[in-house]
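Going down the list, the protein sequences come from chains A, B, C, D, E, F, G and H.
Following our numbering, the numbering of the first sequence begins with 12 at its first residue and continues without gaps.
Following our numbering, the numbering of the second sequence begins with 12 at its first residue and continues without gaps.
Following our numbering, the numbering of the third sequence begins with 12 at its first residue and continues without gaps.
Following our numbering, the numbering of the fourth sequence begins with 12 at its first residue and continues without gaps.
Following our numbering, the numbering of the fifth sequence begins with 12 at its first residue and continues without gaps.
Following our numbering, the numbering of the sixth sequence begins with 12 at its first residue and continues without gaps.
Following our numbering, the numbering of the seventh sequence begins with 12 at its first residue and continues without gaps.
Following our numbering, the numbering of the eighth sequence begins with 12 at its first residue and continues without gaps.
Some hints could be false.
Unchecked claim - List time: in silico BS3-like cross-link candidates among lysine-lysine, alpha-carbon distance up to 27 Å: (1) Lys133(A) to Lys133(B); (2) Lys133(C) to Lys133(D); (3) Lys133(E) to Lys133(F); (4) Lys133(G) to Lys133(H).
Derived from the structure by calculation, the hints contain no laboratory data.
Number of protein chains: 8
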Amino acid sequence: MNRLQLRALLDDVQAGALTPEAAQDRLLQVLHQAPFENLGFARLDHHRTLRQGFPEVVFGPGKTPAQIAAISERIVAAGHNLLVTRTTAEAHAAVTARLPEAVFHELARTITLRTSDVPSGKGPIVVAAAGTADLPVAEEAAISAEAMGNTVHRLYDVGVAGIHRLLAEHDRLLSARVIIVCAGMEGALPSVVGGLVDVPVIAVPTSVGYGASFGGVTALLAMLNSCSSGVSVVNIDNGFGAAAIASSINHLP
Amino acid sequence: MNRLQLRALLDDVQAGALTPEAAQDRLLQVLHQAPFENLGFARLDHHRTLRQGFPEVVFGPGKTPAQIAAISERIVAAGHNLLVTRTTAEAHAAVTARLPEAVFHELARTITLRTSDVPSGKGPIVVAAAGTADLPVAEEAAISAEAMGNTVHRLYDVGVAGIHRLLAEHDRLLSARVIIVCAGMEGALPSVVGGLVDVPVIAVPTSVGYGASFGGVTALLAMLNSCSSGVSVVNIDNGFGAAAIASSINHLP
Amino acid sequence: MNRLQLRALLDDVQAGALTPEAAQDRLLQVLHQAPFENLGFARLDHHRTLRQGFPEVVFGPGKTPAQIAAISERIVAAGHNLLVTRTTAEAHAAVTARLPEAVFHELARTITLRTSDVPSGKGPIVVAAAGTADLPVAEEAAISAEAMGNTVHRLYDVGVAGIHRLLAEHDRLLSARVIIVCAGMEGALPSVVGGLVDVPVIAVPTSVGYGASFGGVTALLAMLNSCSSGVSVVNIDNGFGAAAIASSINHLP
Amino acid sequence: MNRLQLRALLDDVQAGALTPEAAQDRLLQVLHQAPFENLGFARLDHHRTLRQGFPEVVFGPGKTPAQIAAISERIVAAGHNLLVTRTTAEAHAAVTARLPEAVFHELARTITLRTSDVPSGKGPIVVAAAGTADLPVAEEAAISAEAMGNTVHRLYDVGVAGIHRLLAEHDRLLSARVIIVCAGMEGALPSVVGGLVDVPVIAVPTSVGYGASFGGVTALLAMLNSCSSGVSVVNIDNGFGAAAIASSINHLP
Amino acid sequence: MNRLQLRALLDDVQAGALTPEAAQDRLLQVLHQAPFENLGFARLDHHRTLRQGFPEVVFGPGKTPAQIAAISERIVAAGHNLLVTRTTAEAHAAVTARLPEAVFHELARTITLRTSDVPSGKGPIVVAAAGTADLPVAEEAAISAEAMGNTVHRLYDVGVAGIHRLLAEHDRLLSARVIIVCAGMEGALPSVVGGLVDVPVIAVPTSVGYGASFGGVTALLAMLNSCSSGVSVVNIDNGFGAAAIASSINHLP
Amino acid sequence: MNRLQLRALLDDVQAGALTPEAAQDRLLQVLHQAPFENLGFARLDHHRTLRQGFPEVVFGPGKTPAQIAAISERIVAAGHNLLVTRTTAEAHAAVTARLPEAVFHELARTITLRTSDVPSGKGPIVVAAAGTADLPVAEEAAISAEAMGNTVHRLYDVGVAGIHRLLAEHDRLLSARVIIVCAGMEGALPSVVGGLVDVPVIAVPTSVGYGASFGGVTALLAMLNSCSSGVSVVNIDNGFGAAAIASSINHLP
Amino acid sequence: MNRLQLRALLDDVQAGALTPEAAQDRLLQVLHQAPFENLGFARLDHHRTLRQGFPEVVFGPGKTPAQIAAISERIVAAGHNLLVTRTTAEAHAAVTARLPEAVFHELARTITLRTSDVPSGKGPIVVAAAGTADLPVAEEAAISAEAMGNTVHRLYDVGVAGIHRLLAEHDRLLSARVIIVCAGMEGALPSVVGGLVDVPVIAVPTSVGYGASFGGVTALLAMLNSCSSGVSVVNIDNGFGAAAIASSINHLP
Amino acid sequence: MNRLQLRALLDDVQAGALTPEAAQDRLLQVLHQAPFENLGFARLDHHRTLRQGFPEVVFGPGKTPAQIAAISERIVAAGHNLLVTRTTAEAHAAVTARLPEAVFHELARTITLRTSDVPSGKGPIVVAAAGTADLPVAEEAAISAEAMGNTVHRLYDVGVAGIHRLLAEHDRLLSARVIIVCAGMEGALPSVVGGLVDVPVIAVPTSVGYGASFGGVTALLAMLNSCSSGVSVVNIDNGFGAAAIASSINHLP
């Protein structure tokens, strides 16, 4: 049960469409569901949708396709939407054997399956990327944000070496409620974006670069030292994490 | 002119309390003000209140008390509220010679002076700190957030080594719209808080610790690797930055 | 000869089941055995069981299956129990050609063969792991501790992002004599566990994570900076090392 | 109330020296005491003696002499023994104004005051130090361990550059129940000690050295990579932490 | 003798204003001057003006005022212009005792004394600085470049957080022959500037910042990873070095 | 249209070979071309030749052969010369399917295709390399510089361990207008070269080395700390970047 | 011509076995040989045997088998002994096609071919290794030292975790003229050895270890901080470099 | 008793100047002297002169003037020569109160007092320094080497930026038996020197530099990666350590 479903149930009670007794039965049923389900190697947190607004997300690395498929099936069986990140076509094949409608987003390396509606965010989230090589991370953020009920506007290849490309999109930046900015190398884009807007900017350093980029560390450090005051930062390549925070902001009542 | 004043002016026009001509005069006056004022060693950004919701903030380090006093006077003269961070009693003395009502917050090492109202944030911001030594950073965040028009709830000395002290304050965490969490040493507190709530958590690593804490780097890295998905991070000891982001979130319409 | 066998021999003498002459012969035989055996590329330390309570352990990396099999055979031939860590199915195949009863623990990547009894530890050792991906390290610790004569309780997927999963196991933590805690990413679990108990906590950082986790360095640093005072730390992914210390503590008279 | 006092009370009940009613009153009194006491800037954890075997310890850095004196007085007023670490003669002067019997250990930079008996550890703890410059850390460990009820044997200036100095003390090492080894520079001593004994070795890297010792980081890394399997490590210069773990091991029933 | 003087001498010979004999005498005098002069603690390189276009520059740190004065006197005595970097008012006082016309540039922390003309550079050098705190480094670059015969245009407080301040100076950037860009914190300014112009950009990371700026390392790394291809980098705070390269470029025939 | 073509057109107008009307048509045609072309995953910057003197360069890593071929075709179609760096024989095969005359430089790992003349640089650029293993980077620099219209002199295997090999080429160094120096390991060559000449030296650290060379970081740091004042530095292995700066210097009017 | 051959020639002249004319011819022949031979991608330094006591050594990484074979043939053709380090069986196969007597040392990963005598070192060099995994580096050192004319004593698996294994070889250590000590992990062995002897100790950190051994960095740092004063250090895994220095010491007249 | 004295005694016996009985008495007296003397905070190693050729050296940092004076007196009382490193004028004043003839070397920051002859080294040791700022380290090496019985030639301010200054001293380099090379910043000097000679080169990185020199780390790394094969390295600023190794080499029989 997610929050939309909880609200609908309570609305039904108020409207007389559901008796308090029936509502009570349904709620007790949810509460009697164990808060987490022990698969031996993992404890699925089935109440997370209520507590945090979206269900447990499957982080792909270190799990076999079979394990991913098993966990995915349990999540969907519990009535939740599915989101698998950092995954592969092989895992998708294993998942579709059990959940034929699961979709694989190749560039974003994610699997999604929507089984129920999610509450809509309040405004658009802009996902900006400095260069072409940043797209896998940007798409992980965009697909994840969409899965969590947000409208996403993509703004790709707007790095600071050609600042006119970014300035040409000033209006779109101003229309956003939250902005996710992905950049590797020197990681300067969030600082420039942060100076142009007054909404929160979530900076995602990417591992794009070579030599002294140190797998994204340089971009990470640059973003932490941003001279623009509206910028906060997540881990290198953590597109999903940025989406989670942005969606949390975008769903504030 | 800040946004509240702009809105009041337009409301007055709508209500007939101000003629369009008078409003036009006032607006032109603002626009004729140069967007930034060159003091030689600095360019004060006088339109920032309109663009980003709060005026330029004075970062104390590397400026003499005389310079801080001069800049402060110009900011107040332009009709803005004053916020000076990372500053000293000496600087405060210099400022009060020109602005007698400026207040010094010793623990937070900040100077504030409110000359006009600021728009109120939508809900409370909780500022949590793991230990006593984190208080200067936590207070910088709290005082800054208050200066930007937010109500702040302080929750201090709730580090993970005595998890019951944090769990005892679960209700207060749940009441927050944004949570700022300050911690040094192993920087674990944001992960635990992030797992308990569904609102955005801004993690502030502090330089508290010794040996392998490396001046806050360990806490910074831990926060970037948080297994809780609603956590984003700012620079070490950057209480002001956390407040700016939290306030930006809290002022979203 | 291990300590249990030494004690049994002396008990037999006291009980009259063994004459002092026969006991003397047996002891001289042990002492005439060279304290280490030179295989050319390695010097096996055959007295270690007496000196340190368990025999020399074979560290797999950098050794060929044939070398591992050869060393394993010499260890068992000298009357010791076998423990091979960080090893592979290929090495196991080579070992079983000579020692058919050797067991391979796939997740733990270890080979064991018990040829004689070992003294029992005084109480249970709890091995806790923050997430599913930490299991190979946790199992290396658990299998090693069992091989050294300890009872092990496993407590997996109890990371701090869902603190209720850990608190639900408070009783089991309190029942432990030593606790081994494995965690990657931000490495916060040992701090929380350390605040709940009064027994020694051995923290094992794992290389689980990505980006700014730096292959376990972040977890390592966090654990070294733990604000809980009962925590000491071993190298990244060193499950065996944690087991050795825990067993040493658990076998103190 | 510490554990010794709890046990004495229950023994008195068994022996008829105390009526169950009187015992009940005394226990309720302890439980009615708030588990932690909020001083505004700190929350004193008064139940820690029962939970973890020793009371809250005052970490000196970042606290004024006045704050240290205030906290010390509260701790003693609650019936606990006092231990202040990383402190100064100035702080000691402030403490003695309220607690005239508090003792300052100059080399160890600690203040102690014993107000009640503490349970004795089971055997001696050896504190070894590689060089003269490591003594402040070694003494912090030794004084702390003594304050927690342990007998301590000091073994100083036994660094590996003159291995005969260490080997001459082999008997004393073998007599220990736990060994704390403090070393800076290359941090090799714990590895050598660890190979000579079968009891747990707690390694404390010190910041002694220059150039590529990086304030103790080299010693820390060396200790984490010890080829001896019975070694675990605490933070740089963390003599108190080593004592806490050693005492925890030494008080296991 | 510098290159301008050498050329003037040869021009005089060509014009008949100087006999070959007199010219020969003067040249032999220069060549008989030892190529370097040994002061015991330093070897002054008196031919450097001819070899590299400007005389040896005095790097202040680690030298006493007396040493700086002695070296300065020798340089001027040899007919060279004087440039002392990273120096103090105390050193200036010592120098003026011997060379009363030496000028101290307080913000730039340099001493200069022009005793002869230097060849003019071909076009203006722009020195840009991101923030007020970068001015000591920017001024070191500007004063040094001027001492080497270049016209300098200063462009200060044009950091990327307010990109309009930089874009407002686009014309001035386009007029430059070489651009020196000083920035601390995230070091993004050279990337933006580099994308706007086609002349060489010399990036100077400054140690301005705190926390994860690591004394300028973050800015340094960002600049090395600039996505703009016309950017090269010098050491942190090395304003003089940037000026030397810029002047070398600006004096190419 | 590059600068040479622009100048030729204006010369034609002056010479009467082209009517102002025809010239106007041609210029309008260029300006009507969108300043950048959006391929979905990339925005090609077609005005860069005019703005920065050479067209957009294709950076190979992270692009498929098909993507590289598609971008290459668009660049050539827009009338620009082609330069692809860090690429492979596979990519070259894909490119030649569309552009049969594209040349692959195996050691330099670059593809070039000249479709129109480029303005010549003013003097020779010397590319020096310390050892044989530095040649891929040196050749990337040399081929790139040649593609940008420069004459290149190669000076390979002149590392400082045999300083006579470098000194034997002193004349060639003195003949250069700019010098690019590639070195791995201790990165000392730029310092020695910088002391011998008065032209700008662009230092390129290479990832050649092992152990404490850290993939080129040691060479990078050494070059940043060069005691020769005419040295600036680019990223590790960034041969192209060095060529771009050198060419920018060499094309200054 | 090496030094032994030079000395023999001069001895022959003194003894009348060679006329001064013949000797002169032979010496002129050597001097007419170019001091280095340019193969295009490398400049072979044929006078190095005279200058530095042993000929140029071929460092394998980054060279194809064909290149290694070509260089090897030129070295032998010039009358020098051959030493190829960090090489493979494939390269050996290529070399033997031209030089059938070249020997491959598998563990040491080196190829050698002795074509003429080399001057003998004055005493034995001991090569000690802490563990079995250090043998490839230790053998590289041992084979290299032997190729340079030294007698080598190997002392393997004598790490500090079992100090009695080292002490049992005290006599052999005392017999050495130079000692090379290879160790990974905590790198403690050189400190212990350095305290037992008065001859130079060359410490070679190896990349053996995992986690916080950082590919040999920990061992490197430990060795640089050795508390024994007779220890100097070479790069990680640089067995050849240690041999070169040891041989240089051992050949001092 | 040092080795020279031991040899003199045995020579006297052989020459009949001393009876075997008297010699026996003298030797027993030495052996009855405890091998180390426990001062409480230090164990003085009085046999080191015999074992390692020079007596224990006093490392100044962390010791009070009074402690240094006390230790110095005990060393001289035991008949050894005195060497105190990293010390101050204050310590010297304390020492001269007890040992009036002790000499303070200000630049080298060392105290020496020769009470008996030391065996002479076989040839000169050259101490080279790249710049003036390296002199304190170079002098520490020079004074220490002289105290150990070596003749020292100083070669200062010969850094690679003016390679002619070094080449002008080629003869002096060739005359050395061991060369100590001190350099900060990019640390290139040992590589150049190592390529010019065939004797061992001991490289000493100094902490001279700023920014990315990281207190000598850059120089250290550069030296470890030297492309010249006869170079080994000691810790940053460790002039004494370099002298000890050089002297050890220079005293080999």
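* Holds or violated: lysine 133(A) with lysine 133(B), Cα cutoff 27 Å? -> Status holds; Cα separation ~15 Å.
* Is it true that the CA of lysine 133(E) sits at most 27 Å from the CA of lysine 133(F)? -> holds, 15 Å
* Would you mind confirming whether the straight-line C-alpha gap from lysine 133(G) to lysine 133(H) stays at or under 27 Å? => holds, 15 Å
* To do: With a cut-off of 27 Å on the C-alpha distance, tell me whether lysine 133(C) and lysine 133(D) pass.
  => Between lysine 133(C) and lysine 133(D) the Cα gap is close to 15 Å, so the pair holds against 27 Å.
Of the hints listed earlier, there is not a single one the structure fails to meet.
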